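Trainee: Whole structure, please, built from the sequences with the hints as guidance.
As given, the protein sequences belong to chains L and F, one line each in that order. Position one of the first sequence corresponds to residue 61 (our numbering), numbered consecutively onward. Position one of the second sequence corresponds to residue 75 (our numbering), numbered consecutively onward.
Think of the hints as simulated: they come from the structure by calculation, not from any bench. Bear in mind that the values here come from a model prediction, so they are computed numbers and not experimental data. Just so you know, even glycine gets a beta-carbon here, dropped at the ideal spot from N, CA and C. Some clues are possibly wrong.
To be verified - Straight-line Cα separation of at most 20 Å, DMTMM-like style, residue types lysine to aspartate or glutamate; simulated pairs: (1) Lys89/L to Glu174/F; (2) Lys65/L to Glu196/F; (3) Lys173/F to Glu86/L; (4) Lys75/L to Asp105/F; (5) Lys64/L to Glu249/F; (6) Lys91/L to Asp199/L; (7) Lys64/L to Asp118/F; (8) Lys65/L to Glu268/F; (9) Lys392/L to Asp118/F; (10) Lys64/L to Glu174/F; (11) Lys75/L to Glu174/F; (12) Lys65/L to Glu250/F; (13) Lys173/F to Asp90/L; (14) Lys132/F to Asp396/L; (15) Lys504/L to Asp450/L; (16) Lys467/L to Asp450/L; (17) Lys64/L to Asp248/F; (18) Lys132/F to Glu170/F; (19) Lys65/L to Asp118/F; (20) Lys132/F to Glu369/L; (21) Lys75/L to Asp139/L; (22) Lys64/L to Glu196/F; (23) Lys65/L to Glu174/F; (24) Lys173/F to Asp450/L; (25) Lys75/L to Glu268/F; (26) Lys64/L to Glu268/F; (27) Lys392/L to Glu369/L.
What the hints assert, rightly or not - So these bits of chain F aren't anywhere near chain L, every CB distance computed over 12 Å: (28) Ala117; (29) Ile190; (30) Ile211; (31) Thr216; (32) Ile235; (33) Ala240; (34) Gly243; (35) Leu278; (36) Arg308.
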Amino acid sequence: MDYKKYGSILRSVSKPARYTGGERGEVIKDKSAVKCRWAFCFPDTYEIGMSNLGVRILYGALNREPDVWCERVYTPWVDMQERMREYNIPLTAHESGDAISEFDIVAFTLQYEMCFTNVLLMLELGNIPERADERGEDDPIVIGGGPCAYNAEPMADFFDIFSIGEGEEALPELSRLYIKMKADGTYSRRAFLFAAATELEGFYVPSLYRVAYGEDGAISRFEPIDARVPVKVKKRIVEDFDHAYFPTSPVMPYTEVVHDRIMLEVFRGCIRGCRFCQAGMVYRPVRDRSVETLCRQAEEMYRNTGYDEISLTSLAIDDYTCVDRLTDELIKWTNDNNISLSLPSLRADSFTRELMAKISGVRSSGLTFAPEAGTQRLRDAINKNVREEDILNAVHIAFEAGKSQVKLYFMIGLPTETDEDVLGIPKLASKVIDEYYKTEGRNKKRPPQVTISTACFIPKPFTPFQWAEQISKEEFVRRQRLIADNIKDRRIKYNFHDSEVSFIEAVLARGDRRLGAVMSEMRRLGACFDAWDEHFSMERWQAAFDAVGIDPDFYTRRERAADEILPWDVIDIGVTKKFLLREYAAAKESRPSKNCREGCSGCGAVVYGGETLCRMMREK
Amino acid sequence: MPNDEREVRMTSPVRVAFSKVGSLSFISHLDLMRTVSRMLVRADIGVYYTEGFNPHPKLTFALPLSVGTESVSELFDIKVYGEADTMLILERLRREAPKELPIREVYVPERKFRDIAYAEYEIVIHHRLLPDGAAEIVGNMTNEPVVLTKRTKSGEQECDIREFIASLGCEMRDEELFIKARLAADPEHYLNPEYVVTAARRALSLGDDDIAPGADGYFITRTGIFDADGKEFR
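Mentor: Shown next, in the form of structure tokens:
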């Protein structure tokens with residue numbers, strides 16, 4: 061936003077640095093010299109959007125193309141929205157300050173369902189027609205991607221294209237197609253969308269599919285409107301992850317954002333296959349980056365940024381085969397430069413004294429583990445292969461190292477959960493407290509503190525639990541109370557997620573195209589920032605469902621039949637439905653499965669090849 | 075370098091003079107500290123770190139600057155290990171500084187920040203409804219008490235801001251009102267220049283919330299800092 065023109069407005073809103081841009085590392089190009097301009101929108105605040113590693117990667121990958129310019133856009137906070145409406149200021153991109161309606165492509169990353177209402181808000185503030193079928197030749201192409209694109213059917217009416225899977229190769233390809241068609245005169249909105257769906261891989265164009273519903277409300281037919289359009293859209297992955305592009309000069313925010321540090325992406329995918337976890341399925345196959353590459357990237361980023369923290373990101377960092385060698389190499393120089401090392405996704409079963417020592421060098425904070433369920437029976441059912449001994453051993457190590465605070469994450473409402481499982485959560489917390497007093501060399505100055513957090517289970521597409529019912533809001537509340545009532549120890553703190561938010565999330569996660577009408581109605585009712593407790597309103601959602609005559613329970617409160625056509629069947633992630641059904645059956649018998657390293661379960665992701673664990677397993 | 079080695083090494087004080095302009099004038103003091111810390115790390119000039127749980131480059135700023143105010147007259151102090159090579163430090167900092175945070179000078183300080191008594195500001199007010207004789211009206215407003223609600227450490231308080239104003243000069247330049255104000259800026263008495271804007275707008279009967287972009291508004295730039303004798307502080 062032009063600080064000279066809008067100085068008075070910037071002074072009148074909270075956190076003006078959200079809007080001013082000009083950060084170190086931002087990419088500025090000559091707009092008359094580029095042929096394809098992207099407005100890359102993160103449908104939440106600047107502080108959250110700037111923390112996202114995926115956006116950093118795609119920003120860099122697109123801007124590597126000399127004739128492509130990708131800029132950033134975030135959702136203005138409510139005070140700024142008011143100013144923009146009052147003074148007729150359109151939504152603009154950070155780098156150029158140009159209105160997003162002037163761009164060739166407007167992209168949205170869909171990281172969580174609760175940001176959907178912000179997408180429609182941003183289209184409105186950007187003066188872009190809300191529905192894809194209302195857009196003309198001069199309007200930008202609106203594209204969505206990210207985790208929620210694996211089932212973005214509730215948003216299908218508003219997007220021209222969804223990019224399925226990893227985008228760092230796919231989005232430059234889409235830009236090339238756009239530039240080519242503009243140059244040779246074959247471009248029209250329609251022709252471009254058709255070409256993206258039929259000539260490129262990984263692009264789902266919802267308007268090229270017809271959906272019909274049966275009397276029971278489920279989908280009866282879901283098919284392409286043209287024989288040349290693929291029946292299933294294959295997700296994209298980066299095969300050679302070790303040599304894949306990774307930005308080492310990221311845009312550095314001046315103002316405080318959620319994650320502001322060096323993020324090393326150690327590997328993609330997860331060997332575990334927890335049955336509730338969508339990321340563990342859709343990012344398959346597992347692909348590692350080499351220690352040499354990671355060390356080089358870490359040093360380059362340190363020199364380019366001056367950050368004082370390195371975070372090793374991945375779905376479960378201690379599953380990285382070379383985690384010891386990587387951390388050994390890093391601490392050779394990080395401690396001496398006052399850089400702290402953080403491992404945000406530790407598994408209790410592979411946590412060691414050595415690892416603990418390495419992360420306590422500089423500025424070490426509390427530790428968090430995620431047992432997910434309170435009893436071994438339920439942990440087996442969800443395939444979270446962590447035993448109670450592992451958890452107690454992990455906290456023992458932490459207490460020995462002088463820690464007195466531990467956080468434990470759980471989910472409630474998991475399929476097959478009983479009250480015994482629920483009560484296992486406070487019991488486990490008590491055992492952790494007991495473990496503290498059994499630990500020799502603990503920090504005797506401070507009493508221990510265990511914080512337990514429970515999220516509400518949300519059945520997600522492309523998981524073995526995609527057919528499962530979600531328990532009712534009332535039942536969530538009852539189970540939350542059951543836990544709260546069984547904590548008698550003041551050293552145990554209990555936090556829980558709001559069951560109403562989780563209910564809406566569940567509706568959208570497995571929703572179909574009919575929910576588009578609800579989303580439009582939500583915009584008319586003024587919804588935005590639904591991911592923020594202070595802006596979420598169950599009454600508003602209910603009003604929107606009522607207005608369009610949709611019963612949200614249809615999406616959450618029923619077990620789907622194995623042969624039901626699911627809204628996301630149009631997407632092919634490699635992992636087969638047969639495998640997911642097998643896993644669901646095993647869950648009902650509380651039977652865990654092997655992880656990818658112990659033995660191949662034949663999930664299907666092997667079709668993606670590349671330098672993957674799958675190939676190693678096959679050769680073994 | 076390892077902590078034990080560091081403790082026995084001598085350090086030298088270094089003062090850095092810089093400006094904070096453009097979009098960077100909208101970042102907070104905390105944001106500025108973070109931005110400068112990272113710049114110091116990238117510059118690789120052997121800066122001294124604080125000891126303790128959260129080690130970071132030791133950094134002291136001369137005066138706070140409110141969000142939205144530009145400055146061409148900012149200072150911060152650091153310490154570096156060994157003798158201070160101010161030429162080298164200047165070169166390295168210029169390489170790493172954001173373009174809206176230009177480094178003006180690097181030198182060995184001779185005075186303490188507590189000697190600072192005044193800061194001078196240039197305030198530009200542009201408004202469609204600026205009355206004739208606006209410069210006289212604002213220039214003369216200190217002839218009578220200027221009572222505003224001032225935020226202090228102990229809460230809000232009615233106060234006559236004249237006691238914080240050392241001098242006030244006004245003139246019109248092409249439809250815009252220019253105010254040059256020298257305001258108290260010692261640790262016990264500090265006046266945010268925004269209060270002068272508020273007072274001027276009130277004297278001119280301009281509304282408080284009229285901020286149409288491009289048309290109405292104001293800019294503030296801190297242009298200098300001075301000691302009790304009115305001499306430029308450096």
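Trainee: All the hints need checking, so say for each whether the structure fits it.
Mentor: Taking the hints in turn, this is what the structure says about them:
1. About 18 Å separates the Cα atoms of Lys89/L and Glu174/F, which keeps this hinted pair within 20 Å; it holds.
2. Restraint check: the Cα-Cα separation between Lys65/L and Glu196/F comes to about 18 Å, which is no more than 20 Å; the hinted pair holds.
3. Distance restraint check for Lys173/F and Glu86/L: the Cα-Cα separation of roughly 12 Å lies within the 20 Å cut-off, and the hinted pair is therefore satisfied.
4. Under the criterion of a C-alpha separation no larger than 20 Å, the hint pairing Lys75/L with Asp105/F is consistent with the structure, at around 11 Å.
5. With a CA separation close to 17 Å, the supplied pair Lys64/L and Glu249/F stays within the 20 Å bound.
6. For a cut-off of 20 Å, the pair hint linking Lys91/L to Asp199/L stands: about 18 Å separates their Cα positions.
7. This hinted pair does not check out: Lys64/L and Asp118/F have alpha carbons roughly 34 Å apart, beyond 20 Å.
8. Distance check on the hinted pair: Lys65/L and Glu268/F sit about 19 Å apart at the alpha-carbon level, within 20 Å; holds.
9. The straight-line distance between the Cα atoms of Lys392/L and Asp118/F is roughly 18 Å, inside the 20 Å bound, and the hint therefore holds.
10. Between the alpha carbons of Lys64/L and Glu174/F the distance comes to roughly 14 Å, so the proposed pair stays at or under 20 Å and holds.
11. For the suggested pair Lys75/L and Glu174/F, the alpha carbons sit about 18 Å apart, so the restraint of at most 20 Å is met.
12. Taken as a hint, the Lys65/L and Glu250/F pair is honoured in the structure, with Cα atoms around 15 Å apart against an allowance of 20 Å.
13. Distance restraint check for Lys173/F and Asp90/L: the Cα-Cα separation of roughly 18 Å lies within the 20 Å cut-off, and the hinted pair is therefore satisfied.
14. Between Lys132/F and Asp396/L, the direct Cα distance comes to roughly 16 Å. Compliance with the 20 Å bound is thereby established for this hinted pair.
15. Of the pairs offered as hints, the one joining Lys504/L and Asp450/L is violated, with about 23 Å between alpha carbons and a cut-off of 20 Å exceeded.
16. Using a Cα cut-off of 20 Å, the hinted pair Lys467/L and Asp450/L holds, with the two alpha carbons roughly 15 Å apart.
17. For a cut-off of 20 Å, the pair hint linking Lys64/L to Asp248/F stands: about 18 Å separates their Cα positions.
18. With a C-alpha separation of about 18 Å, the suggested pairing of Lys132/F with Glu170/F holds against the 20 Å cut-off.
19. For the hint linking Lys65/L to Asp118/F, the alpha-carbon distance of about 37 Å lies beyond 20 Å, and the restraint is violated.
20. Among the hinted pairs, Lys132/F with Glu369/L is consistent with the structure: their alpha-carbon atoms are about 17 Å apart, no more than 20 Å.
21. Straight-line distance between C-alpha atoms of Lys75/L and Asp139/L comes to about 10 Å, which keeps the hinted pair within the 20 Å bound.
22. For a cut-off of 20 Å, the pair hint linking Lys64/L to Glu196/F stands: about 16 Å separates their Cα positions.
23. About 17 Å separates the Cα atoms of Lys65/L and Glu174/F, which keeps this hinted pair within 20 Å; it holds.
24. Distance restraint check for Lys173/F and Asp450/L: the Cα-Cα separation of roughly 51 Å exceeds the 20 Å cut-off, and the hinted pair is therefore not satisfied.
25. The suggested pairing of Lys75/L with Glu268/F holds, with an alpha-carbon distance near 17 Å, which does not exceed 20 Å.
26. About 17 Å separates the Cα atoms of Lys64/L and Glu268/F, which keeps this hinted pair within 20 Å; it holds.
27. Between Lys392/L and Glu369/L, the direct Cα distance comes to roughly 14 Å. Compliance with the 20 Å bound is thereby established for this hinted pair.
28. Once the 12 Å rule is applied to beta carbons, Ala117/F is inconsistent with being away from chain L; the minimum gap is 8 Å.
29. Taking the minimum C-beta to C-beta distance to chain L, about 25 Å, the non-interface status of Ile190/F holds against the 12 Å cut.
30. No Cβ of chain L approaches the Cβ of Ile211/F within 12 Å, the least distance being about 21 Å, so the stated non-interface status holds.
31. The Cβ of Thr216/F sits about 24 Å from the closest Cβ of chain L, beyond the 12 Å cut-off, so the non-interface label holds.
32. Distance check for Ile235/F against chain L: the nearest CB is about 19 Å away, which clears 12 Å, and the non-interface claim stands.
33. The beta carbon of Ala240/F sits about 25 Å from the closest Cβ of chain L, which is more than 12 Å, so the claim that it is off the interface holds.
34. No beta-carbon of chain L is positioned within 12 Å of the beta-carbon of Gly243/F; the least distance is around 23 Å.
35. In this structure Leu278/F is separated from chain L by more than 12 Å, as the shortest Cβ-Cβ distance comes to about 15 Å.
36. Its beta-carbon lying about 26 Å from the closest one in chain L, Arg308/F satisfies the requirement of being farther than 12 Å from that chain.
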